[in-house]
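J.: Sequences listed follow chains A and B, in order. So the first sequence is residues 1 to 478, counted in the working numbering. So the second sequence is residues 1 to 478, counted in the working numbering.
Hints listed in this document are in silico derivations from the structure and should not be mistaken for laboratory results. Quick caveat, the model's predicted, so the values are computed rather than measured. Where is the CB? At the ideal position from N, CA and C, for every residue including glycine. Just to be clear, a hint being listed does not mean it is correct.
Computed footprint of chain A on chain B, listed as stretches where at least three residues anywhere in the stretch have a Cβ under 8 Å from a Cβ of chain A [unchecked claim]: (1) 223–231; (2) 368–382; (3) 393–402.
Here are the simulated lysine-lysine pairs, DSBU-like style, with alpha carbons at most 35 Å apart [as the list claims (entries may be wrong)]: (4) K474(B) with K474(A); (5) K103(A) with K376(B); (6) K16(B) with K274(B); (7) K16(B) with K185(A); (8) K109(B) with K16(B); (9) K199(A) with K199(B); (10) K4(A) with K199(B).
Protein chains: 2
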Amino acid sequence: MFNKRTKIKDLLSGEKTGQEVTVMGWVRTFRNNQFIAINDGSTNNNIQIVIELGLIDDATSKRITTGASLKVSGKLIESLGKGQKVEIKATSLEILGDSDAEKYPLQPKKHSLEFLREKAHLRFRTNTFGAIFRIRHALAFAVHQFFNDRGFVYLHTPILTASDAEGAGEMFQVTTLPLNNAPTKADGTIDFSQDFFGKATNLTVSGQLEGELGAMAFSDIYTFGPTFRAENSNTARHLAEFWMIEPEMAFYDLEDNRNLAEEFIKYLIGYAMKHNMEDLEFLDTRLKEEENSLPQDKRSEMNLIEKLEFVLNNSFEHITYTEAIDILLASPAYKKKKFKYDVQWGIDLQSEHERYLVEKHFKKPVIVTDYPKDIKAFYMRQNDDGKTVAAMDILAPGIGEIVGGSQREERLDKLENRMKEMDIPSEEMSWYLDTRRFGTVPHAGFGLGFERMVLFVTGMTNIRDVIPFARTPKNCEF
Amino acid sequence: MFNKRTKIKDLLSGEKTGQEVTVMGWVRTFRNNQFIAINDGSTNNNIQIVIELGLIDDATSKRITTGASLKVSGKLIESLGKGQKVEIKATSLEILGDSDAEKYPLQPKKHSLEFLREKAHLRFRTNTFGAIFRIRHALAFAVHQFFNDRGFVYLHTPILTASDAEGAGEMFQVTTLPLNNAPTKADGTIDFSQDFFGKATNLTVSGQLEGELGAMAFSDIYTFGPTFRAENSNTARHLAEFWMIEPEMAFYDLEDNRNLAEEFIKYLIGYAMKHNMEDLEFLDTRLKEEENSLPQDKRSEMNLIEKLEFVLNNSFEHITYTEAIDILLASPAYKKKKFKYDVQWGIDLQSEHERYLVEKHFKKPVIVTDYPKDIKAFYMRQNDDGKTVAAMDILAPGIGEIVGGSQREERLDKLENRMKEMDIPSEEMSWYLDTRRFGTVPHAGFGLGFERMVLFVTGMTNIRDVIPFARTPKNCEF
Numbered sequence: 001m002f003n004k005r006t007k008i009k010d011l012l013s014g015e016k017t018g019q020e021v022t023v024m025g026w027v028r029t030f031r032n033n034q035f036i037a038i039n040d041g042s043t044n045n046n047i048q049i050v051i052e053l054g055l056i057d058d059a060t061s062k063r064i065t066t067g068a069s070l071k072v073s074g075k076l077i078e079s080l081g082k083g084q085k086v087e088i089k090a091t092s093l094e095i096l097g098d099s100d101a102e103k104y105p106l107q108p109k110k111h112s113l114e115f116l117r118e119k120a121h122l123r124f125r126t127n128t129f130g131a132i133f134r135i136r137h138a139l140a141f142a143v144h145q146f147f148n149d150r151g152f153v154y155l156h157t158p159i160l161t162a163s164d165a166e167g168a169g170e171m172f173q174v175t176t177l178p179l180n181n182a183p184t185k186a187d188g189t190i191d192f193s194q195d196f197f198g199k200a201t202n203l204t205v206s207g208q209l210e211g212e213l214g215a216m217a218f219s220d221i222y223t224f225g226p227t228f229r230a231e232n233s234n235t236a237r238h239l240a241e242f243w244m245i246e247p248e249m250a251f252y253d254l255e256d257n258r259n260l261a262e263e264f265i266k267y268l269i270g271y272a273m274k275h276n277m278e279d280l281e282f283l284d285t286r287l288k289e290e291e292n293s294l295p296q297d298k299r300s301e302m303n304l305i306e307k308l309e310f311v312l313n314n315s316f317e318h319i320t321y322t323e324a325i326d327i328l329l330a331s332p333a334y335k336k337k338k339f340k341y342d343v344q345w346g347i348d349l350q351s352e353h354e355r356y357l358v359e360k361h362f363k364k365p366v367i368v369t370d371y372p373k374d375i376k377a378f379y380m381r382q383n384d385d386g387k388t389v390a391a392m393d394i395l396a397p398g399i400g401e402i403v404g405g406s407q408r409e410e411r412l413d414k415l416e417n418r419m420k421e422m423d424i425p426s427e428e429m430s431w432y433l434d435t436r437r438f439g440t441v442p443h444a445g446f447g448l449g450f451e452r453m454v455l456f457v458t459g460m461t462n463i464r465d466v467i468p469f470a471r472t473p474k475n476c477e478f
Numbered sequence: 001m002f003n004k005r006t007k008i009k010d011l012l013s014g015e016k017t018g019q020e021v022t023v024m025g026w027v028r029t030f031r032n033n034q035f036i037a038i039n040d041g042s043t044n045n046n047i048q049i050v051i052e053l054g055l056i057d058d059a060t061s062k063r064i065t066t067g068a069s070l071k072v073s074g075k076l077i078e079s080l081g082k083g084q085k086v087e088i089k090a091t092s093l094e095i096l097g098d099s100d101a102e103k104y105p106l107q108p109k110k111h112s113l114e115f116l117r118e119k120a121h122l123r124f125r126t127n128t129f130g131a132i133f134r135i136r137h138a139l140a141f142a143v144h145q146f147f148n149d150r151g152f153v154y155l156h157t158p159i160l161t162a163s164d165a166e167g168a169g170e171m172f173q174v175t176t177l178p179l180n181n182a183p184t185k186a187d188g189t190i191d192f193s194q195d196f197f198g199k200a201t202n203l204t205v206s207g208q209l210e211g212e213l214g215a216m217a218f219s220d221i222y223t224f225g226p227t228f229r230a231e232n233s234n235t236a237r238h239l240a241e242f243w244m245i246e247p248e249m250a251f252y253d254l255e256d257n258r259n260l261a262e263e264f265i266k267y268l269i270g271y272a273m274k275h276n277m278e279d280l281e282f283l284d285t286r287l288k289e290e291e292n293s294l295p296q297d298k299r300s301e302m303n304l305i306e307k308l309e310f311v312l313n314n315s316f317e318h319i320t321y322t323e324a325i326d327i328l329l330a331s332p333a334y335k336k337k338k339f340k341y342d343v344q345w346g347i348d349l350q351s352e353h354e355r356y357l358v359e360k361h362f363k364k365p366v367i368v369t370d371y372p373k374d375i376k377a378f379y380m381r382q383n384d385d386g387k388t389v390a391a392m393d394i395l396a397p398g399i400g401e402i403v404g405g406s407q408r409e410e411r412l413d414k415l416e417n418r419m420k421e422m423d424i425p426s427e428e429m430s431w432y433l434d435t436r437r438f439g440t441v442p443h444a445g446f447g448l449g450f451e452r453m454v455l456f457v458t459g460m461t462n463i464r465d466v467i468p469f470a471r472t473p474k475n476c477e478f
């Protein structure tokens, strides 16, 4: 057994003061040949090791560089210095692994986020990314806890799929055929019968359709898994591979769906505030420092923690799409022609419109419902007006769309008609239509983009900084 | 709001007896024009609805068929009949969705597992699959709880990867190039610079290498995500897409690793026994009935729940690979030439050998460590004997290998030499080697095949029955 150590998070709680302890971790700084700050990733905070004269020789001392790994034993004592409550007075020190100061890319200074994206395999070792990925972990755990507490069944919907009916975006093809010599049929098209699955397959863009199958048996299910878009979007909000949470509930209408989504988002925020305050405070300070270099009018009105508290303590605004259009048309921004894209009933709301509603008009998260049917998917429930569907999007300040969902069309005839109108082949979707043929029920669901939620909670602005290894056009490193 | 109902699991707890309640769910049976058994997936048990004469007309009565969905309100009362503690005396009944008895594939009789695999979109509605997928959910939640409680960070390692260095199996290619007209370079090979990521990409076979990057910052991480093998294996134990859990721990040696894996498996079993006993009892009974049709000597020595309790209450056996070979060579099975594959030091243990060790010799889970280096991956830590590596496999009764892991080679020179011996290009793996260059530490990890764990806990025998929608050669339905 090697692992007889105490994690730094536990040491810093102070409960072991006065005891002999062993700590293992990586050197962050070493000053005055006497004070080592060690971090093991269990918390953003380091523990200070005090080395008394003569404990280690000069050769060892020189090897205590940023990034080197150490095993240190000693007594945990109350610290006399400022900045920490406890420290370890070392009685033994062993260097587990060196870190050549000339070559180690992470120097004890501030690195740009861009630089660290190139060093994504090492950036976990920085304060910023340590905080982000501990928060990401906490949010992921909170997702499971929220649904488990409410009796939802976690359903692993498939990643590989032959279904391309939803049309939610461009898809990645998956194949075992030789790319430079794929077998073809007489008509020149690819002979997928020779492919691994005997048909053309893609990476999933959504687990919703399969999720509905689960909801028709378990009442409430959720998915939480990777989803894919082969869109050539090089923006701070798009990834080719991202994680999505998709709950699907039988016996839910759009109002039930809205309420659950709001409760869910608030639960996640509340969970992070309860369990990750140290990391949030670090990011809060980081953000303030970043904004100090901006002109006054570009700075956020609220700091990170204030923003989270505000969202937690206020109801989300609910408006219909039609109301949203009216607000936009009546807005000073519209009248002064500040929108790049025109506003009229029937348009897909653009980012600038969403931001206006959320950041200028309501200054809080907004749930927009009942969109025109022509800009939404075939499976959304048709409203009685013949023009709109029971869709909902939740828009968050600084992020834009964070949730998209709807009540589903549970009426077989209406669903089939809509599929016909939209040229969606119903034979291939027979399994999906079976849910409407046999014991159909009102049901609803939504998708939450996990990385957008992490962006919101961490206050980061580029989605590549909240997923361990980002996949974007021309970028598939590590 | 539509969803003002109480879930059947809560109704059956009896706390609401005497109150007016609303239940929604699907009809399982309807007998004597009076008693409806409804299920909503929250539990394997149905609630009985009592319809008094005159409450509904004949036309409605005829629509109460297996699979139809109902909304029923009434008073929850103590049941006079046998088989249930409480029942609902209906005061109103609404049919939400019909289910044509002539066409509904699930009749109120026993269907074969093979038939239900073809109807995977509906099989969640059966008792057997209801139980299996509630247990699968509970095990997934327990995975997260186990690691969260121990301070592990859940790391979403990438699904799309350009790394093919591990050689863990055949991979699925992912591309956006046109398959019947992929661009080629002058030498006739595919020009991947035009592909989405600008290089050849595949679906991951393991998140371990990226997981190690996380462990070198957070100490303890785990992954839990889909993994892929494009192997043409049509067996009851293989899937092309399956979920895997891969913890990776800094400052761990092989013994720490073994201990954690054993603790983890026992935690999962204990969690299911605590939270899913009804479902386990159902599957236990199901298994007994299945085995009743077998000759005495083919039946299991223990029933399902006895088996789980046994594993929970006994230490796993630990032997080295060398000891395993000795046991096999000394076995009656070997002497009577009952093994199909020969036994000698250096072989990869075959399924028949593993089963002998686990099911005949030790009759409990066995951890085999220190395998010959030539049959194991490049990253495993080289033992001092020059012949073996610090690998471990955990073998479970009825399942075979359920965990594979190792202490990792943390010494840069030894790792590089081994990569050279095995022709693994180290330039492409520079990011991985950086963990050994900068602050390397002893570390270890393992992978648990989640479906194999679900198989073990549910007592099912075909892996296609424990994942919602199985992906196997020539099969990518739903």
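J.: Next, verify each hint and record whether it holds.
T.: Checked hints:
Using a Cβ-Cβ cut-off of 8 Å, 4 residues of the region 223–231 of chain B lie near chain A, which meets the minimum of three, so the contact claim holds. Given a C-beta distance limit of less than 8 Å, the hint that chain A covers the region 368–382 of chain B is violated, as 0 residues qualify and 3 are needed. As drawn, the region 393–402 of chain B meets chain A at 0 residues by the rule of a beta-carbon pair under 8 Å; below three, the given contact is violated. Restraint check for K474(B) and K474(A): the C-alpha separation of about 31 Å stays at or below 35 Å, so the hint holds.
Straight-line distance between C-alpha atoms of K103(A) and K376(B) comes to about 32 Å, which keeps the hinted pair within the 35 Å bound. For the hint pairing K16(B) with K274(B), the CA-to-CA distance comes to about 23 Å; that is within 35 Å, so the pair holds. Restraint check for K16(B) and K185(A): not satisfied, since their Cα atoms lie roughly 64 Å apart, outside the 35 Å limit. A threshold of 35 Å between alpha carbons decides the hint, and for K109(B) with K16(B) the separation of about 32 Å falls inside it, so the pair holds.
Our distance criterion of 35 Å between C-alpha atoms is met by K199(A) and K199(B), whose separation comes to about 24 Å. A threshold of 35 Å between alpha carbons decides the hint, and for K4(A) with K199(B) the separation of about 44 Å lies outside it, so the pair is violated.
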